[in-house]
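Residue numbers (the working numbering), protein chains in the order written: chain A, 758 to 1064; chain B, 758 to 1064; chain C, 758 to 1064; chain D, 758 to 1064.
Watch out, some of these pointers could steer you wrong.
No distinction is drawn between identical chains; accordingly, a pair holds when it is met within one copy or between any pair of copies.
DSS-like mimics (lysine-lysine), calculated; alpha carbons at most 25 Å apart, straight line [unchecked claim]: (1) K1029 - K779; (2) K777 - K979; (3) K777 - K840; (4) K836 - K979; (5) K772 - K915; (6) K789 - K1058; (7) K1029 - K789; (8) K915 - K777; (9) K979 - K840; (10) K840 - K772; (11) K1029 - K1058; (12) K836 - K814.
It should be emphasised that the hints constitute simulated quantities derived from the structure, not laboratory data.
Protein chains: 4
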Amino acid sequence: MDYQAILEEIYQEIKPHIGKGKVADYIPELAKVDPNQFAMSIVTVDGESYHVGEYQKRFSIQSISKVFTFTMALTIYSKELYKRVGVEPSGSPFNSLVQLEYEHGIPRNPFINAGAIVITDSLISHYQDEFITLENILGFIRDISDTPDININPAVAKSEMEHGFRNRALANLIKSFGNLDNDPITCVQTYFKHCAVEMSTAELARAMLYLANHGYDPLSQKEFITPTQAKRINAVMLTCGHYDASGEFAFHVGLPGKSGVGGGIVAVVPGKMGICVWSPPLNSYGNSYAGTIALELFTTKTGLSIF
Amino acid sequence: MDYQAILEEIYQEIKPHIGKGKVADYIPELAKVDPNQFAMSIVTVDGESYHVGEYQKRFSIQSISKVFTFTMALTIYSKELYKRVGVEPSGSPFNSLVQLEYEHGIPRNPFINAGAIVITDSLISHYQDEFITLENILGFIRDISDTPDININPAVAKSEMEHGFRNRALANLIKSFGNLDNDPITCVQTYFKHCAVEMSTAELARAMLYLANHGYDPLSQKEFITPTQAKRINAVMLTCGHYDASGEFAFHVGLPGKSGVGGGIVAVVPGKMGICVWSPPLNSYGNSYAGTIALELFTTKTGLSIF
Amino acid sequence: MDYQAILEEIYQEIKPHIGKGKVADYIPELAKVDPNQFAMSIVTVDGESYHVGEYQKRFSIQSISKVFTFTMALTIYSKELYKRVGVEPSGSPFNSLVQLEYEHGIPRNPFINAGAIVITDSLISHYQDEFITLENILGFIRDISDTPDININPAVAKSEMEHGFRNRALANLIKSFGNLDNDPITCVQTYFKHCAVEMSTAELARAMLYLANHGYDPLSQKEFITPTQAKRINAVMLTCGHYDASGEFAFHVGLPGKSGVGGGIVAVVPGKMGICVWSPPLNSYGNSYAGTIALELFTTKTGLSIF
Amino acid sequence: MDYQAILEEIYQEIKPHIGKGKVADYIPELAKVDPNQFAMSIVTVDGESYHVGEYQKRFSIQSISKVFTFTMALTIYSKELYKRVGVEPSGSPFNSLVQLEYEHGIPRNPFINAGAIVITDSLISHYQDEFITLENILGFIRDISDTPDININPAVAKSEMEHGFRNRALANLIKSFGNLDNDPITCVQTYFKHCAVEMSTAELARAMLYLANHGYDPLSQKEFITPTQAKRINAVMLTCGHYDASGEFAFHVGLPGKSGVGGGIVAVVPGKMGICVWSPPLNSYGNSYAGTIALELFTTKTGLSIF
């Protein structure tokens, strides 16, 4: 298939939609971004890459970082991790707190905020220090994307910390059930920092190769995780990757993926490629408006849905 | 691959697990079944079929019937159906009523009971009579399984009706929000009847071919639904097919599937085959204990996960 | 105190408020009532009575009937009744179903619909037949009001039955938890019928005397219940008598009371008098708009709050 | 009535119950208390006082302090306070977070923890500093109890702070809805400090006189609040004073009251007296086991229920 031609086609068709939706504005730093931006990148397991739009411009990856921290936790912990966080979809956002309460502080999956905070806590316990934890998270992201200069935007992390009272509430509630080892504020701060990593669509599509290729990065020839682990991360991305629109995403796109409120979405075609699309304004579910449509166009045009 | 050998292997490995778990006993008719039974069937899109165990013995398909009624509703209604029922996973069972209330009587997906009752209501409205509706549901199931003598077990349907107060509560609550056109008791009765259809694993694996082959049955050469509809039904099976263990099933098995409290589970390998496994005792999530393990063994041995 | 003068004063002050609010319109029969009506009656334990407005006009007592069925159940059952229904306020109406589910089908108090349906069920079990149950409820109401011709409006009961899907949902849910002995539809029908009793403010104020006078009706010289039972019914009216505005009512009025969606409110000044006020339009909590204000004016003018 | 004789009688009857129940142990400092203690005090509006047991021994007043901060807030703010906190009972403790979420961060009443934290926040905003706020709270408590040496136990406050993750979660959630002006941790710290005030039953019964006498302290001849404010505080104590056993307390005791996990309960007989009872072990609702029984005995023996 001529992926470059398909990307160009999508780019033309998506143009009327770019700028629609609403840029995340719950923190001032994210609200500043120009909404009229779009980029899409594909990197295949053969090492081919295809791009359209501003594919070298870095943006705040936000919740996409949860895929990376979950991967790291899987390499450190085995079954005991699932006593602390489940792999089930979470239902409506309204229920986030009531579910956490009903289920005694065990978040339903690693991709809701509560679950990602528990994962971050597990990393801090392993590395014994939050600074070393962040160094290792950054190191892992640099490794899988084969890009040494990826970094955190400290202004975004600080802005999140100043406004993230709901996430602090979640962390304190989890702590009250005994499911955080470390101080809740430390966990939330570390979580906000890894969410504030900045990457481009080119770098993120590249970073997905280990998940597209059974845990083994075919370009760097590094084995990051086992085939079973890769399969499972993809499964959790499919069922839980898009908050309360995960079912819709499976229904319309049909690929494992993970979105972030910065407007990025990563996706994986198992055995074939990593994909990343970016456009800042969000739809009502908090996923990139144009990005979601672009991915739906992609699977329609290529037939590359897993279903 | 030598599927017969793989099935035999699974059968040997599963034997110690047969009988573990708990047969559904909320209605006396289902509680009567012998727990020490197991069957597994594969039917490929090329028309090959492979079986182990009691694959010709019919059992109560229960919630597996929801796949068939959802398919029928999709051929009758288009987007307006999604105003009445969503495609999102539903969270914990505890939330079934609160979610329905919070979301104003719109069930989250067609595979939870509330959603299936709305789907049944939509069919009754279309066929204008509950008897004709049941005739059409039976006709559709006979068509996709290419088996003319499939029928309802009236004792099971009657037993459900005598004990199904929770489903009546759901139907009345949905009606109170205006999301049922017909009388709630009529909807529940019709729903209980299509759940009481009896089929064997051989028949159910065969009946999955239209979903495994883009809506087109390669053996009977009938086009039941469009490729897009098939893709979407598979997506909803993956994200919502196993109640509150849908994430676990995607995680461990990695195939679109649907379970029933009669102990049956159907699954689809897109482009390749329909699968059905059956063993009556259930695990704590209400899915067949041995059946779930058998399907996990199957994807592990064959590598046929979609991830 | 010159109660007649106080009632006249209240009547003058309340006039600008009569007609404000919204008549209950969830059933056509209740929606037909003229909203511009008002009446208020006082009957003291000495047998004096004072009235303003249309105090002889009968209206649908609706939930006020729950006070009478609860009283009857208390005379039949002792502590075992509290295993089936609690005496705690119920929180927001949104939670009605979730609380019932969380608390395994035990309604929080006898004055929410779920609790009143359980009380009705307990009466049907005692009288062994729903017709005899209704005869006894009517008999009790005629006794405490000393008015032999009080009756049910069958059109209102029928209209409720045709539209009361939410109450049917509640009854079926309670039944699913095993907390109804009789058929849920029979319980709901009987409940709707006793809610459809019609009385005037004069008759209802009179009927409150047994609660104002320690269980003993000073006029008819009948002892309906013990002093402890009277005290407890008053306590439950105070904490639970006005749905999710029970706290507001205690706060602003400061008397045990019970409202109905027909626009009536009964209240008790312990040791002194029974009160009833009626005006059909309701405030946002489902309690009589003008009636609530009239009772607040009454306790302000007389200082007869229990606090 | 010979109140001293009645107290002595209660003391004899209560002896077998002293020590039953479970001392609050969620913080080490509270768990240290000797469970076999009991005291009860009455102070009448005429200035008579009656005591039994260890009525001069100070204990941690905990949530009883919420009555005092609510009183202070009422003297500072008028109707605008009720936009930030309601006066409705709160339903089951399970719902505390879901109700707060469903009701957009507006706690249902000033006596649940969430509501008391909002009240504390309102005081900090008024006094512009948390130290001055605490000074004023202490000043007010010293005034109403006419006891200049009442103080905070800093070890208890510190212990709460080290373990109070659930209260921190509540405060952060309220802040996320914009219903705290000050830093959530500052609010929680100040709240924990005023809960750590220590008083005896003699002092607390004395401190209730302003509520028993329409806002005016008959002994010190100070008018702390208006009669309407006193009436309303009593109403909120009756409907919301004992968490999820408020209905039970109204039902069995029939007096406005407020309990604390330190084992104290204050109560008011309007127009007549202030009461305080203390015994550390708690019943399953978190209210003093022996204390609740003692108060029920008191109203049974004296007939002083408000109903």
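Going down the list of hints, with the structure as the test:
Taking identical chains as interchangeable, the C-alpha atoms of K1029 and K779 are never at most 25 Å apart, the minima being 32 Å within one chain and 42 Å between chains. For the homomeric pair K777 and K979, neither the shortest alpha-carbon distance inside one copy (40 Å) nor that between copies (42 Å) is at most 25 Å. Proximity of K777 and K840 under a CA criterion of 25 Å is satisfied inter-copy only: 23 Å between copies versus 41 Å inside one chain copy. Within a single copy, K836 and K979 get their C-alpha atoms as close as 24 Å, which meets the 25 Å cut-off; across copies the closest is 46 Å, which misses it.
For a Cα distance limit of 25 Å, the shortest separation of K772 from K915 qualifies neither inside one copy, at 33 Å, nor across copies, at 57 Å. In this homomeric assembly, K789 and K1058 never come within 25 Å of each other (Cα to Cα): the closest approach is 34 Å inside a single copy and 51 Å across copies. Taking the closest pair of Cα atoms, K1029 and K789 never come within 25 Å of each other, the shortest separation being 36 Å inside a single copy and 49 Å across copies. With identical chains, the CA atoms of K915 and K777 are never at most 25 Å apart, being 28 Å at best within one copy and 51 Å at best between copies.
Proximity of K979 to K840 under the C-alpha cut-off of 25 Å is found in neither arrangement, the shortest distances being 29 Å within a copy and 47 Å between copies. In this homomeric assembly, K840 and K772 never come within 25 Å of each other (Cα to Cα): the closest approach is 45 Å inside a single copy and 28 Å across copies. Taking CA atoms no more than 25 Å apart as the test, K1029 paired with K1058 passes in both settings, with 16 Å inside one copy and 21 Å between copies. Taking the shortest Cα distances, K836 and K814 never come within 25 Å of each other, neither inside one copy (38 Å) nor across copies (37 Å).
Going through the hint list in order, the structure does not satisfy hints 1, 2, 5, 6, 7, 8, 9, 10 and 12.
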